[in-house]
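Colleague: Here is what each chain is made of, one letter per residue.
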Amino acid sequence: MPQPLQIDLVDHGVELIRRASTVLPPDVKAALERARAAEAAGSASQQALATILENVAMAEADASPVCQDTGTLIFYVDHPFGYSTAQMMEQLNRATVIASEKAYLRPNAVDSVTGKNSGNNLGLGFPQYHIHEWNKEEIRIRLLLKGGGSENVCAQYSLPDDRIKAGRTLDGVRKAVLDAVCTAQGQGCSPGVIGVCIGGDRGAGYVAAKEQLFRHVDDVNPDPALAGLERQLLAQLNELGIGPMGFGGTTTVFGVKIGALHRLPACFFVSVAYLCWAARRAVMTIANGEVRYDA
Amino acid sequence: MRKLTLPLSEADVRSLHVGDPILLSGVMLTGRDTAHTYFLEQLLKEPLPESEADVAAAVKPILRGGAIYHCGPVVKKVDGGHVFVAAGPTTSIREEPYEADVIKHFGLRVVIGKGGMGKKTLAACGEFGAVYLHAIGGAATLIAKTVKKVEGVYKLDFGVPEALWRIRVVDFPGVVTMDSHGQSIHEKVEADSRKALQHLLKV
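Just so you know, the sequences run in chain order A and B. Under my numbering, the first residue of the first sequence is numbered 3, with each subsequent residue one higher. Under my numbering, the first residue of the second sequence is numbered 39, with each subsequent residue one higher.
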């Protein structure tokens, strides 16, 4: 028999959702401050970032959503041996319903066949769970709120892609990411963070690309080859000049995070997950009966 | 910053140019994906379906010289009504197939959203005298504070995000990114970034 959870996740789940929806992580706020300082004084782009930062402060003070599109709830859960994952999902579902009633979340789950909104963010594949056992003693629950505008501009490439002259190399990956961000223009609510997965199948590729979005803006990839590509892409994507909201300017993205999965000999996918400036993520760790929240 | 109050005249709109920041006040209507399909399939039809006569009569005076806001808000129920908690713009390009007809039919002067729209809408802005006002994507709490009153809602059965909310705003902030003189910041930024991309693909 799986062991019951030491802590009821419902109230803590609501708190995790409140934090994710209403408080931007400090590293994201700092990146937006830097972006504002970098844009031309008095430009529409600088004004856009000033408005964004003002909004972020208001949302935090009022415990109201940073963005009205509170997105898809994507939970990544890691837990020690022996827990009931069904119980975890049931409790986090209840937390989701309460957070919707408290207006931390917009009702966002729409029946794809009938068009009816469920009204409480529960539905088929809603919320989304990725649950894994790990060999630590603590439970870690990470939540990403992924809005629809940025989701619509995510892109997946199958290399080689002759249209952009991208072969099956890291340079081909570079070209695919450049093309994806250029195609997105301001539609994904730039400046954004770009999560990338090289390899995997199509489904696993996107899941892994989105998991990259939990990395902090200023961290460095432990793989030197990927770290180099991240640095190069961060500079080159900003040379596109799309800027905040697509108004033109110096900051189009403020982070590029790349991971990799093994692939089939026949396949070479590059999955590009675009996250808007409202990079809403929150982490909860449960150890020794105590709960800790992080960004 | 220029302040404007709805409804707008054609002269008001013709005096606006891309890059102009404005603060808009008055009564406007939210409408996004389902609303635009509904307009095209129901309200723009001749004869008007009888079941929709009430909604048509209610929204026409708001939209004449008025503004439609591409927005799916977070709404809180309060005693005797609703309050907008978070109400930033949604991506407008999805309404590109419909917006020109909506501008023409209702006599819209302002389309508000984010990300800009395409050639068909730009042409309609020129022909009928309208502008695209870019609100700041994600600035949801800040914009919700400019919504002083939720005056009503039509088609709530579309769901909260998709319903037509009749709202009174004061100093709603935005930047004109498509004007009635054929200019679009979005076209220019896209052309310039495509050029930069071609260079970077060759590096």
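Bear in mind the hints are in silico, worked out from the structure with no lab data behind them. Remember, it's a predicted structure, so these values are computed and weren't measured experimentally. Careful, some of the hints might be misleading.
Unchecked claim - With a straight-line cut-off of 27 Å between C-alpha atoms, the simulated DSS-like cross-links for lysine-lysine are:
| no. | chain 1 | residue 1 | chain 2 | residue 2 |
| --- | --- | --- | --- | --- |
| 1 | B | Lys-158 | B | Lys-142 |
| 2 | B | Lys-114 | B | Lys-183 |
| 3 | B | Lys-158 | A | Lys-167 |
| 4 | B | Lys-193 | B | Lys-142 |
| 5 | B | Lys-114 | A | Lys-104 |
| 6 | B | Lys-41 | B | Lys-186 |
| 7 | B | Lys-193 | B | Lys-114 |
| 8 | B | Lys-187 | A | Lys-104 |
| 9 | B | Lys-240 | A | Lys-167 |
| 10 | B | Lys-115 | B | Lys-157 |
| 11 | A | Lys-104 | B | Lys-186 |
| 12 | B | Lys-114 | B | Lys-233 |
| 13 | B | Lys-226 | A | Lys-167 |
| 14 | B | Lys-83 | A | Lys-118 |
| 15 | A | Lys-104 | B | Lys-183 |
| 16 | B | Lys-114 | A | Lys-118 |
| 17 | A | Lys-118 | B | Lys-115 |
| 18 | B | Lys-115 | B | Lys-226 |
| 19 | A | Lys-118 | B | Lys-193 |
To be verified - Facing chain A, according to a computed beta carbon distance under 10 Å, are these residues of chain B, among others:
| no. | residue |
| --- | --- |
| 20 | Leu-44 |
| 21 | Pro-45 |
| 22 | Ala-124 |
| 23 | Ile-131 |
| 24 | Pro-135 |
| 25 | Lys-152 |
Just so it is clear, CB atoms sit at the ideal spot from N, CA and C, and this is done for glycine as well.
Colleague: For a quick check of understanding: which of the numbered hints are violated here, in increasing order?
Modeller: Of the numbered hints, 3, 10, 12, 18, 20, 21 and 24 do not hold.
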